[in-house]
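Chains as they are written, first to last, in this note's numbering: chain A, 1 to 526; chain B, 1 to 330; chain C, 1 to 150.
Derived by calculation from the structure, the hints in this document are not laboratory data. Hints may contain errors.
Cut-off 27 Å, straight-line C-alpha distance, at most; resulting in silico cross-link-like pairs (BS3-like, lysine-lysine) [as the list claims (entries may be wrong)]:
id: 1; chain 1: A; residue 1: K363; chain 2: A; residue 2: K349
id: 2; chain 1: C; residue 1: K109; chain 2: A; residue 2: K186
id: 3; chain 1: A; residue 1: K407; chain 2: A; residue 2: K335
id: 4; chain 1: B; residue 1: K33; chain 2: C; residue 2: K109
id: 5; chain 1: C; residue 1: K37; chain 2: B; residue 2: K75
Given the structure is predicted, the values throughout are model-derived calculations rather than measurements.
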Amino acid sequence: MSPKKIDMLSILQAKFKGTSVQVQPEQLGKAAIIADASTNRDVLKAMLEADEKTAVIAITGIDLGATLGVFYHIRTSKAGIITIKVEVPKEKPQIKTISDLMPGTAFDEMEVTDLVGVVFEGHPSPGRLVLPDNWPDDVFPLRKDAKLDNLQYKQTPPNETEPAGNENIVKIIVGPQHPALLEPEKFALKVEGEIVKDVQPRIGYVHRGVEKAAESRTYLQDVYLVERICGICNACHATCFVEAVEKILETEVPLRAKYIRTVLLELNRLHSHFLTLGHAGLEIGFETLFQYFWRDREPIMDITEIISGNRVISSGMTVGGVRRDINEADIPKIKGMLTTLRKTLPFYKKVYEDEPSIRMRMKDVGTLKREDALKLCIVGPTARGSGVDIDVRKDEPYEAYGEIPFKMITYNEGDTWARMNVRMDEVEESINIIEYALDNLPTGPFRVRVPRVVPAGEAVNRVEAPRGELFYYLKSNGTAYPERVKVRTPTFANIPAFLATAIGSNIADVPPNFVSLDPCFSCTDR
Amino acid sequence: MVLDVMFVFRVLVFPGFTFLFFFTMFCDWIERKIEARMQNRMGPTFTGPAGILQPFADVVKLLTKEDIVPRGAKKTVFRLAPILSFSIIIFALSFLPIDGAAVIPNSSFSGDLIFIMALITLANFFLFLSGWASANPYGDIGAARVLTQFLGYDIPLFLLALAPAFLAGSLTISAIAANQYLPFILLAPWAFVLFIITLQAELEKDPFDIPHAESEVVGGLETEFCGGKLAFLRLTRDTQIVFGAALVVELFLGGPYGPVFFGPAAPWYFLWFVLKLLAVVVITEYVTCLFARLRIDQVLTTNWKVLLPLSVLSLTLTIAVATWIYPMVT
Amino acid sequence: MSKLATWARLKSPWVLHFNSGACNGCDIELVALLTPKYDVERFGIKLEPSPRHADVLLVTGSVTQQCAERLKRIYDQMPEPKFVVAIGACACSGGIFRGNYDVLGGVDKVIPVNAYIPGCPPKPEAIIDGVVKLLNSLKPEKPSKEEKKK
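The whole structure should be built from the sequences, with the hints applied where relevant.
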């Protein structure tokens, strides 16, 4: 925390007094700042000067009818999100890039270009991000008037010929089908000997058009849709979405529902961390470790099944509470399974801290310095492994996290080993949280009735998914269908970290490094 | 006439090709069961009693698959290299005394230890060629890794193999096996331990299995192979393990010689050989399950900075033992 | 000889996993099959890295535009005899993403499918059940008792 309290809004109000920039407190989170295409960089610069922990969470592109909106959602060290709202005319949708000020926003801008059609002048590497290469140039899916039937796909461009450069450099393409990757993504590695010289990612293979689909389903149907953006962190997506709807509805969720939601969220985190910790073993050739971790992960899936009926996608959340109550008779059984799980932790902790082959493969591999983590807007255990202490559960408590005591885990080394150890320690904290929640489960209803039709309004919301901060922007227009659902997932923010740390490393270091940032490309591509 | 039939029987059936073929599959089953048990699983269970026919089913299935040769591959090398590497290893195995006499009777000659070490190097070289001929970037990297690894580790392996040679005063394997009044593992335990470690690297097993690192090089040098050729590549790998274990048995554990309780000696020798070999296979498989994979630069560092000096040291120590202590024992 | 070949193919099905645009739910249930609780290596099922080594292609995901070509290419690279199993509601018919602009809607729009395993995600037991049913369908039909009597 910074020593002196930074009152960002007063600073901005003072700086931009008398200009076209308007600061509107208490709008859309902490504040909304109305700016235009010529002043967006100035506002961001002012914020960066005032607070070094300023980071852009997401850039939303939205079709507002006559104009296209470009909203910059920004987080500072104090709680709350500040949104800079800019509108550009549809005939000439251009705006200056901010990726030189905040390198972590390069991907966000490419996505807005792809889906809404705003062009960012000065962007270092424009190109397709989530849409396929042969997508027609003039169709922008998130525009209201987009014609998505009978698309005329372009001819696939021929493979780019490499300029005759250094002959020692070999181009290796990792993916889309590769045993190291559970999901299809393509990384073109340029390798000299065994050293990686360059990494060019191509994502978008898992792009299913969720944001567009959300606009043609009702709010309740959308809960099931956003859950399936990612099967691993499904409860977090559902929670973030329903919380955003509840913010617009101004509904107060009963306390019992908040506790049950917390239990389901922490179960998500537990199974996801076990998954990653085991998967890391597989990447470094330690198959025994992988088998042991996944063997001990099974009880977590069983607990989720006891509570919600499903092993993976729990479908527990709904607008106004949770769908099912926890059966009081099940709680001792659940607590017994958690106690057994807790007993295995000292062994695993010792393995990750002391085991020589893990230290050989993970220590000083993929080191990300704290300043870079801040500049690239990294989130989650990846950031906490580099000493950046951000965690939405602490910074802006939601559900029952404000009432349940737990520690935020940070390590300062910044390498793969630190990131994995952050997750290892968070496992214990999660078990503590679940046990506390189950012990102190308040009585009362587990859901409240909410109106079918959501009044017009907008809301931003974030939760701490296992991989980091998950952000939703929701706009409603008074009908049964949302106007715009924008999702910014933690892996989307963390990919620049991987690119930065992979260059200059060995090929053999790329898999452990990659797993340590715990990528989830179905989250990234949506 | 009788001699000829015996010769053919020994070479083709027992203890020759057929026996070695099925014994390799048996060792493969043991390895898979150990690996599964170490990982708290069951391993192959339903193919034959306790899954013992699993490796056999794998080989038969591979032989009945369609054979695909990639368009850009160097066809002759692609087709021949897997079979050649397998054949060379079986050939090398036939010089080792399995039931008191080698597979090819009276085939041992002075210096055949060096000869079979050279044969192994040649077999590995053919493995490299098969990866190189595949026209696949992962095949190339896998092949390069195989080459780097076995060429590097050949040197300490050879130096360590010389230790028993000095103790027995001969470079002929059958003589080394026969002269072990005390198994050499007791006289030169340092050589045995180092030899096992170097063997892990030669056999490309964890922690030295980077040539087959699935997460980095997909299938390594095997990536483009399918069907019968893949079967031969896998068999090469498995037979190499049997060969390595057999070498350890001959050099350090007294070969097939052991107490004969009744009747003719040959079946007893065979039994001891098999038991000792299985013990070595079990040890190497345990080591495999316990470690993560080292990076290539760590593998090379281990070789040049650790194993090579230690093997020179081991040789010096063994010569000292051979000159002064061993004559006192015999 | 062909009985031996069929026996070997039933007892040693090597699988390749391909995610054609899935949410990971089905994929993690698939990977869970290799772990001690379910352990499909008992049946001889091994996860192979290269399409050339595999007999059965396990596909998850609703097949996005970008993945369709890859899926076809991987299928072509596999040697005969080969089988395709579509795992999960998305792979069977597109699932909850059916009709989206980037989604083809099911594996059978690209390659022929031998077995469909529905679920979102299907439990590991359901996946094993589906694979076993596929393998059993390969066995030659035993003549029924009436035919034997003739």
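Is the straight-line distance between the alpha-carbon of K109 (chain C) and that of K186 (chain A) 27 Å or less? Status holds; Cα separation ~23 Å.
Given the hinted pair K363 (chain A) and K349 (chain A), is their Cα-Cα distance within 27 Å? holds, 15 Å
Need the status of pair K37 (chain C), K75 (chain B): alpha-carbon distance at most 27 Å? violated, 44 Å
Given the hinted pair K407 (chain A) and K335 (chain A), is their Cα-Cα distance within 27 Å? holds, 21 Å
Agreement of K33 (chain B) and K109 (chain C) with the hint, judged by alpha carbon distance not exceeding 27 Å: violated, 40 Å
In this structure, the earlier hints numbered 4, 5 are contradicted, and the remaining ones agree with it.
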